[in-house]
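Engineer: Chain by chain, the residues run as shown.
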Amino acid sequence: MRESKLWVYHLIAGAVILVLLGIHMFIMHLDAILYSLGVGSQNPIDSGVVFARSKELFFMITYIILLGTALYHGLYGFKNILMELTLAQKSEKFISGFLTLCGVLLFAYGTFAAVFVFMK
Amino acid sequence: MNENNSTKNTTTVIFEILRYNPETGEKPKMQEYNVQVYKGMTVLDGLNWIKENLDPSLVWRSSCRMGVCGSCGMFINGYPRLACNNQILKISNKKLQIKPLPNFDIIRDLVPDLEGFFQKHKSVKPYLIRKDIQEQNLPTGEYFQSPDELTNYIQFAYCIKCGLCLSACPTVATDERFTGPQALAQAWRYNSDSRDEGSDERIKAVHDEIGASRCHFAGACSDVCPKGVDPSFAIQLLKQDFFLKTLKLRKDEKETHVIPTAKKYVPNPKIPEAPKPTVKK
Numbered sequence: 425m426r427e428s429k430l431w432v433y434h435l436i437a438g439a440v441i442l443v444l445l446g447i448h449m450f451i452m453h454l455d456a457i458l459y460s461l462g463v464g465s466q467n468p469i470d471s472g473v474v475f476a477r478s479k480e481l482f483f484m485i486t487y488i489i490l491l492g493t494a495l496y497h498g499l500y501g502f503k504n505i506l507m508e509l510t511l512a513q514k515s516e517k518f519i520s521g522f523l524t525l526c527g528v529l530l531f532a533y534g535t536f537a538a539v540f541v542f543m544k
Numbered sequence: 002m003n004e005n006n007s008t009k010n011t012t013t014v015i016f017e018i019l020r021y022n023p024e025t026g027e028k029p030k031m032q033e034y035n036v037q038v039y040k041g042m043t044v045l046d047g048l049n050w051i052k053e054n055l056d057p058s059l060v061w062r063s064s065c066r067m068g069v070c071g072s073c074g075m076f077i078n079g080y081p082r083l084a085c086n087n088q089i090l091k092i093s094n095k096k097l098q099i100k101p102l103p104n105f106d107i108i109r110d111l112v113p114d115l116e117g118f119f120q121k122h123k124s125v126k127p128y129l130i131r132k133d134i135q136e137q138n139l140p141t142g143e144y145f146q147s148p149d150e151l152t153n154y155i156q157f158a159y160c161i162k163c164g165l166c167l168s169a170c171p172t173v174a175t176d177e178r179f180t181g182p183q184a185l186a187q188a189w190r191y192n193s194d195s196r197d198e199g200s201d202e203r204i205k206a207v208h209d210e211i212g213a214s215r216c217h218f219a220g221a222c223s224d225v226c227p228k229g230v231d232p233s234f235a236i237q238l239l240k241q242d243f244f245l246k247t248l249k250l251r252k253d254e255k256e257t258h259v260i261p262t263a264k265k266y267v268p269n270p271k272i273p274e275a276p277k278p279t280v281k282k
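Quick note, the sequences are listed as chains A and B, same order.
For the first sequence, the positions run 425 to 544 when the numbering used here is used.
For the second sequence, the positions run 2 to 282 when the numbering used here is used.
Honestly, the hints are just simulated from the structure, not real lab data.
Just so it is clear, the structure is predicted and the values come from calculations on it, not from any experiment.
Chain B residues, not near chain A, derived (Cβ > 10 angstroms throughout):
id, residue
1, E17
2, L19
3, Y34
4, S63
5, N78
6, L90
7, K95
8, I108
9, G117
10, E150
11, N153
12, F218
13, A219
14, T257
15, K277
Interface residues of chain B toward chain A, partial, derived using beta-carbon atoms under 8 angstroms:
id, residue
16, T175
17, E210
18, F243
For glycine and all other residues, C-beta sits at the position ideal for the given N, C-alpha and C.
If we strip away everything but chain B, and leave its shape as in the complex, we get (with noise of 0.2 angstroms):
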């Protein structure tokens, strides 16, 4: 906390906290702190004093501090939500009890393991797959993409792998080896963009017994979502595609061709040049 927010009005919120550390051997265990909270103090600037003011030990991951890295994903008064981007006395101006995100293993205090949802991630290949490999290798341009198409798999695209989803999920939570919303909306975000040629590669790994039909379209993840991403309403539409697919109901996406670059830069007249660098190489 620096000087500004100290002269501030505060008020007193007590932090409670799981902690352990696998290394000795104890079982996890809840720990109070008194905090002084300013309007506007984040829980992850409450950890943050915690730290600096009175216990080096208390351990967490974070980064950006504004909502978009996604590291700091914990389970604060009984909701997985982002540290950085809740302000304390929106949730709670008495106490907060902050636990790592549930459906995942322990590494230390509020750190949770992301190995397997990092696994899940990859395993729906989460990347644009091409037929034309050599263009993909050595493009000679640009994929074409249209506004409209955009739109089709834009909002899937702001996931910024936090894990809050997968710790919402009801599914996770009975079987931990269900691929789980953060993995299946992936699929679909490259399913439905234009450029990719990759679903029926996608197939096993969304398609098998633990994809996307055991989702039983809870909502939780979406509830969760800090970007508004909407993984429900992606798994029903990889049910959907896969449904018409199988049915032969679905027609075949167009082809879509790469825009090749102007070859020689002309450069538009009424556009006047662009002033000379002042500063000498």
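The shape of chain A in the complex, shown without the other chains (with noise of 0.2 angstroms):
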């Protein structure tokens, strides 16, 4: 029951990728498009312009969450690709916690650089 709950929530996850991903996509790459209707700016990758966008607070929320439900997904992912090799349940297990540990500490330090220019 445990995995097939984290089952679901990779699913969210994948569809709050596609949203927040959507977003991305539109800011950084259809630059063009958006500046011709009038919203957003000329140049989005100039460090000005990033460094503005992070301190608001829609951007630095919307970053978060992308980078949970992408780490989320891409390590739940992972882990089951990982557990098709059938290994021993040691291994499993090792695999499911380092995955997980590393997943903890990367949505930390992208979270803490997130606030931090927020904050800065």
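Using the hints, build the complex out of the two chains.
Structural biologist: As structure tokens, this is what we get:
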């Protein structure tokens, strides 16, 4: 039951990524369209624009959610691929623990960076 | 082969069969037999003919001869099939290679060990589970079920437990702990039965780390099923059901009540009485 619940969260994370990645694609890569509509900036990867965006609450929250969902979706999917190797139960537990630890550390570091820039 | 068949046009087909006897300690080996095959002759007929005429030591499992019991599942020319409902000439008119079902241990020759298969089947509690235990033990009538409710699960009730789906499943091939398409399809067969109230009890067996979430939807199980059960579809429905229940998006099912049986039988006057028995008791 626990495994299926994790799988459900995996699906939900996928759906969230779809929306957030859509926003990211529009802002970062389809900027010309947005700019022609009078929204966004002409050069979204300009350091000043990136910094200004990071100071906005909406983007800070969006970054953290995207980071969390992307980490969960990616690492859970990676774990499942490794589980297909049908390793010994000890190895499976180690892999699960190691990937969970990696995910938590990366999320903590990324969240810290997003909050730090926002607060600065 | 009876006399009628022996007079018909026949073709010689080579049966290459895997032989294995764990008591001798020898490794499994292939053995060839020449069989005179007539039109309409099944693989099982061919095996019976070999046993009667060429090699009485050949061992396999079979019973009904009509695709109902699910005993004679074999790996015939690289594909899991029932030996009784596959005609030799429709598979090949030259050579048949017959091995026991993959993904199972071999007991002897073409006999797979189905013990683990039935354990998995048992683990999903493949029977109606009700909260009204007293009614189940001492029934006062029948549980109501509409024809529409019947169609929800009837396809999955056709499973004959032959094991072909497990032998075709790539996930079972890599991880023998995987509950497998047969057991999971049976879990869905009972979960989707309007009379059943046991889906919560089956959750542990169906949705653990070796359960439905391990299915990759290769669809090989549905491809080989001789009864058209479509276990891979059942697994997707199990997953969908769990997803919707986890997100509280599925409404609670209606309870099924017992239809009390008529206490006194009142004959319909329009229907004439049955004639009296002609044989004395």
